[in-house]
Amino acid sequence: MKRFIFTLAFIVCAFSTIILGASGFILWGLRLPRGILAFATGGVLSIAGGVYQTTLRNPLADPYILGVASASVFGAVLSSFFVPQAKVFFSLCFAFLTIALIFWMATKLTIPERLVLGGVVLNAFFAAMTLFLYAIQNPFSLADSVAHTLGYIPYIPLKETLGILAISVLSCVVLLIRSRRLDILSLGDDIAYSLGVEPSRERIIQIITATLPVAIVVSFSGPIGFLGLVFPHIVRFSISSLNAIVTSLSFLWGGSFLLICDFVARRIMSPAELPVGVITALGLSPVFLWVLKTVGFGKRAF
Amino acid sequence: MTLGGLITLALISLKVISLAPNITDMMRFMGLEKHIVGVTNFDNFPAKRVGAIVRPDVETIVKLKPDLVIYSPLTSANVIETLKRAGIKTLGITYNSLDDVAYSFEVIASAISSPEIGKEAKRKFLMELEELARRVKGRGRKVVVLIACARPTAVGSGNYIDDLIKLAGFENVVNRKGFVVFDLEAFVKLKADVTILACHDASNPPFIHGDVKKVNPDDLLRPGPRLLNALIDLM
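Line by line, the protein sequences give chains S and A.
Per the numbering used here, the very first residue in the first sequence carries number 32; after that it's consecutive.
Per the numbering used here, the very first residue in the second sequence carries number 7; after that it's consecutive.
Source of the hints: derived by calculation from the structure; they are not laboratory data.
A portion of the hints provided could be inaccurate.
Cut-off 20 Å, straight-line C-alpha distance, at most; resulting in silico cross-link-like pairs (EDC-like, lysine to aspartate or glutamate) [as the list claims (entries may be wrong)]:
# : chain 1 : residue 1 : chain 2 : residue 2
1 : A       : K90       : S       : D220
2 : A       : K54       : A       : E39
3 : A       : K130      : A       : D106
4 : A       : K95       : A       : E112
5 : S       : K190      : A       : E87
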C-alpha cells in the first residue's frame, strides 16, 4: 500500500509540473505534448533497461547497449547533410535498421554475452561514422544535430505524442504479459528450456519488443542516459525482482522522473535549456548510491 | 487618421524576436531595433533574453507574443515548427554567400517595414564593404582563414567568409568546400602568405607560415554589418 501511494504521489507530482503557471497554448500546445513525450520516453527507456539486463545477463546493460542510440544519432547527423528538417525520419530509419541487425544477430548468436559484444560493435561502428561526419561537415550546420546527441525532449504535436505514448504502453503491456517467461529466462537457458520456454526465441521477442519503442523515442529526444540503467535496479533492490513488477514500476517511476527532470532542465537556467540527460544523471546518482547503501545493510530501500 | 497613418501605426507596434546576434545587428544597421522585443542569450542588445540560438525557450517566446520571429539556419527546425503551430509568423535567413548576407537586409526589412529600407541598407552595406575591401589590398596573396586554432579549422570555398576574403583581393589557399580541419603537417604545407586568425580558443597553431592577422571572431563569424569591422581589422 505504501509503495502504491508513493508511486501515485510520484506520478501526480510529475504531471503537476505540466500545469504549473501554464494556460492556453503554452499548456495544451507546448507543455502537455512535451510532458507526455517525456513520460513515455522515461518509461520506455527504463523498461528496456530492465529487459536488456535480464535477457543479456548483464547488470550494466542499458537501452543503448545494442547500438540503437548510436545509429539514431548517426541518422540525425547524416540528415544535416541532406534534409535537416527530416532529422527524426533519418534517425528512425537508422534505429530500425539497427533493430533488423540486432534481430539477425540474435538469431545467429544464441549466447547472450556474444550478443552484447555484437551490440558493442554496432555502437562503435555508428559512433565512428558519426565522428567521421563531424569531421567533414560544416560546423555551422551541425548545431541542431549536436543538440540532438545531447538529449533534449522536443516539442511535437499532441497527436504524435499520444501515438508514441500508445506504442510505449503497448510495449509495456506485451512485456508484462510475457514477464513470467522473462522470470524463467533469468534462471538460465537450461532451466528455461526444461520449463517450456525456448530461450533464443524468447530473448529475441523480449529484446525486439523493448527496442522498437526505444528506437522511436530516441529518434525524437536523442539518447538520454542513466534512466534505463538505474530504474530497473532500484525496483529490484527496493521492491522485487519479479519482472512484472520491475517492468510496471520502472515504466511509471522512470516516466515520472524524466518528466520532473525535463521541468528542471527547462527551469534551472531559464530561458536557457539544459540537456535533460545532465539532470537525470545528476539527480539519480545520489538516489542510486543511497539505494545501494541501504541494500548493503540488508534493508529494503523503500 | 488616414489609411497611411493606420499602416504606420501598425508597423510601429510590430514586435520582433531575433534568434541570432547577426540578425539583431542587421536590424540595428537599418534602424529597426525599436521592433526588437527578444534576443538570444548571446546577444548584446538590451531586450528580453529568450535562451540559446539553437534551442531557445519556446514558452518565453510565446509569452512575448511577437508578430515575427526571425531565425538563422542554426536554430532547431523543431523549435521553428512549434512556433508555427503557435500561430507565430517566422522568417528564416540564410548566409551561404556574401550575396545572401546582403539580400537578408531586403528580406528582413520587407517583413518588418518596407523593402526600400532594406534596399537602401543593402546598397550602403555593399558600398562600404567594397570601399573597405579595396583598402585591405590583398594583392592576390595566398591566405588561410582559421576559425579554430587549436585544431586548425580553415575556411574553405563556397561560403560568405571565402567571398569576403576574395573581395579583399586575397586568394584562399583552401580549395575544398565548406570548413576543413587540418592536421598540422597538412596545415604547414599550405604555405599561405597570410594567416588570418579568427579564433575563440586562445592557443595559436604552433607553426604559422607568413604574416599573421588577427580578426575579432565575432566580427567575422556574425554574417552582417560586423563584417565591415572584420575588414578594418584586416587593413
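Here's how the hints hold up against the structure:
1. K90(A) with D220(S): violated, 54 Å
2. K54(A) with E39(A): holds, 13 Å
3. K130(A) with D106(A): Holds - the C-alpha atoms of D106(A) and K130(A) are around 15 Å apart, at most 20 Å.
4. K95(A) with E112(A): The given pair, whose Cα atoms are some 17 Å apart, holds under the 20 Å limit.
5. K190(S) with E87(A): holds, 15 Å
In this structure, the one hint that does not hold is number 1.
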